[in-house]
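Chain order of the listed sequences is H and L.
Numbered by my numbering, the letters in the first sequence go through residues 368 to 704 in order.
Numbered by my numbering, the letters in the second sequence go through residues 3 to 295 in order.
Hints are computed from structural coordinates only; laboratory data are not their basis.
To spell it out: a stretch of chain L is covered by chain H in this simulated footprint if at least three of its residues, at any positions, have a beta carbon under 8 Å from a beta carbon of chain H; those stretches are: (1) 122-132; (2) 208-215; (3) 236-247; (4) 254-268.
Here are some chain H residues pointing at chain L (derived, C-beta under 10 Å): (5) Ala-389; (6) Tyr-391; (7) Ala-392; (8) Pro-406; (9) Ile-408; (10) Met-520; (11) Phe-525; (12) Leu-533; (13) Pro-637; (14) Val-649; (15) Asn-660; (16) Ala-662; (17) Thr-679.
From the three backbone atoms N, C-alpha and C, an ideal C-beta is built for every residue, glycine too.
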Amino acid sequence: MSLLGILKDPVRGLSRYSDSIANYAIALASILTLNFVLPRIMPGDPFHAIYGDEALMNMSPEMEAEIIRRFSLDSTWSEQFVAYLSGLLRGDLGYSYFYGIQVTDVILTFLPWTILLAGLALVISTFLGVMIGIESGYRRGCAIDRMLMAGLMFLSGFPHFFVGVLFLLLFSVTLGIMPLGGSATPYAGLTGLDYILDLLHHLTLPLVTLVIVQLAPTYLLSRNTMVTTLEEPFMTTARAKGCTEAAIRYRHAGRNALLPVVTATGIHIPRMLTEIILVEIVFSYPGAGTLLNNALSARDYPLIQGILLMMTISVLTINLAIDFLYSRIDPRVRYAH
Amino acid sequence: MHTDPWGHLTGDAAGLAGLVMIFLVAAAAVIGPAISPYSPNGFSSDIFSPPSSDHILGTDFMGQDILTRLLFGARTSLMIGLGAAIVSSTLSLAIGGTAALFGGLYDRIVMRFVDAMISMPTIIIAILVASYIRPSLPLLIALISFLSWPEGSRVIRAQVLSLKETGHVRAARTFGAGWLHILKSHIVPDLGPILVAIIIQDARRAIFMEAGLSFLGVTDPSMTSWGKMMHQALGFSYLDVWKWWLLPTGFALSITIMSLSFIGSALETALDPRLRRSKNKIVRWIQCSRSKA
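Make a model of the complete structure from these sequences and hints.
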């Protein structure tokens with residue numbers, strides 16, 4: 368059942384995904400509840416917990432009154448919860464005292480960098496991982512396969528942000544051929560092609576780090592599927608028919624190696640999130656991870672909550688999309704686990 | 003599942019290397035702090051001193067002996083790993099096992115909860131909760147365990163479900179064995195290898211999560227942690243101190259996590275015979291020569 372199928376027959380289409388949609392709905396509700404409950408069960412005044420002590424020092428009595436009114440902090444919990452939810456529906460995530468603007472506006476300035484970095488890393492690492500996995504699985508047990516296995520296993524053992532730290536120390540601190548951080552040279556006044564080259568120069572190290580750490584799981588999975596698929600009887604049939612080696616490798620065996628990669632990508636998305644947050648911090652890349660780091664060290668609680676909520680919603684949406692995709696590429700599965 | 007995980011582990015080069023590395027880290031964590039003359043939190047005026055006979059790895063920005071902090075950090079990491087692995091795998095075993103055995107409505111409710119937990123990005127909940135409570139070691143173990151048991155419980159449930167239908171369990175039932183007896187002498191022993199794999203996985207994830215949370219600065223500030231040391235050292239990467247501050251800490255964390263990955267993947271190969279490399283030389287020769295064509 369594809370997305371198109373759902374549009375044609377919404378009731379039947381959606382009921383197939385009802386279980387996974389329910390899971391994501393429960394997950395989202397839990398995060399929203401945590402966001403709401405945590406500041407309110409902290410010892411002391413919830414007003415202090417929501418905004419943090421640092422923020423209150425810079426607040427006028429009028430602002431305090433305005434916030435109490437907006438969060439309905441003088442009313443019961445159920446009324447506060449309704450106020451909180453209706454605020455979220457209007458896209459109101461609160462006010463960031465650290466940046467002095469609305470949380471939504473802060474996040475929107477940092478988010479494009481994360482999307483650029485994370486999107487490129489995901490595409491490149493998946494493509495490379497599957498290709499190397501197919502080639503390596505096809506040559507299972509040979510020298511090149513063993514070398515790739517050992518090398519990538521070794522790399523994947525490192526904590527990913529430390530891989531980033533090593534790159535930073537080698538290429539930026541010692542050799543000085545790469546920038547120390549940021550997404551562009553500040554105040555350089557570059558335009559056109561020079562600006563794009565400068566952006567790529569800053570993007571290289573964080574991107575390479577992310578690709579390297581995300582490559583290993585995709586590679587291992589497609590290699591292992593490849594190895595097991597090559598033992599199947601239909602491979603012998605393909606050989607007996609006189610298929611070329613390339614057709615056997617990619618059309619018969621390789622396509623089967625794609626399937627678990629799609630599932631695994633869904634499972635790995637939350638883990639990639641950790642990788643992106645930490646790698647961005649290492650390279651001070653101005654994305655959502657660095658913003659989270661700033662918010663955590665400034666204890667800007669509305670901003671922390673806003674970023675984490677935004678990340679949750681993106682992860683859940685991507686996972687739901689992958690569930691749809693999975694049932695489309697594997698006709699045997701109606702319900703994707 | 004009658005395999006010999008211990009034999010595979012010590013027979014496999016990576017598995018053996020993993021065992022040796024984790025043993026070394028554990029030895030350093032146990033012995034190190036006892037013989038170090040410094041306190042991990044006792045600061046002095048002697049800041050950023052390079053390695054010398056007094057301070058083997060020099061001192062950091064508060065004049066603390068880096069080697070001592072490294073050894074105490076090993077203690078924190080291993081305690082988090084061990085504590086979270088024990089609590090989390092016990093929860094997995096209890097909840098996944100009972101869901102498979104009792105079935106019915108209980109199974110459906112529990113598994114719905116487990117599925118919802120698995121679809122949640124746990125790191126976000128960890129950061130969110132930690133940013134408010136700044137957890138100390140026991141709280142951190144509780145938080146990480148609470149977030150990591152659902153995946154293990156799924157594996158345990160699937161395994162118990164299939165074990166319930168195996169020949170020897172059916173045979174025992176025909177002889178009139180009670181459920182408790184079957185559980186004790188047939189199901190739990192066969193769960194052994196998979197449970198060990200889950201424990202290793204939990205420990206690895208917990209150590210990594212603690213390092214990540216401390217790197218973000220949302221754990222108890224008085225806890226000596228590798229993650230926090232790396233974050234502090236990264237701020238001074240323009241000085242030469244990273245050579246004896248950032249690198250040793252990063253490698254200590256890497257060795258610990260890597261040893262557990264090696265042990266984990268050696269166990270995985272032991273549990274899934276299809277992943278083993280063909281020992282038959284002729285088969286391997288055919289595979290290699292064909293791919294060259």
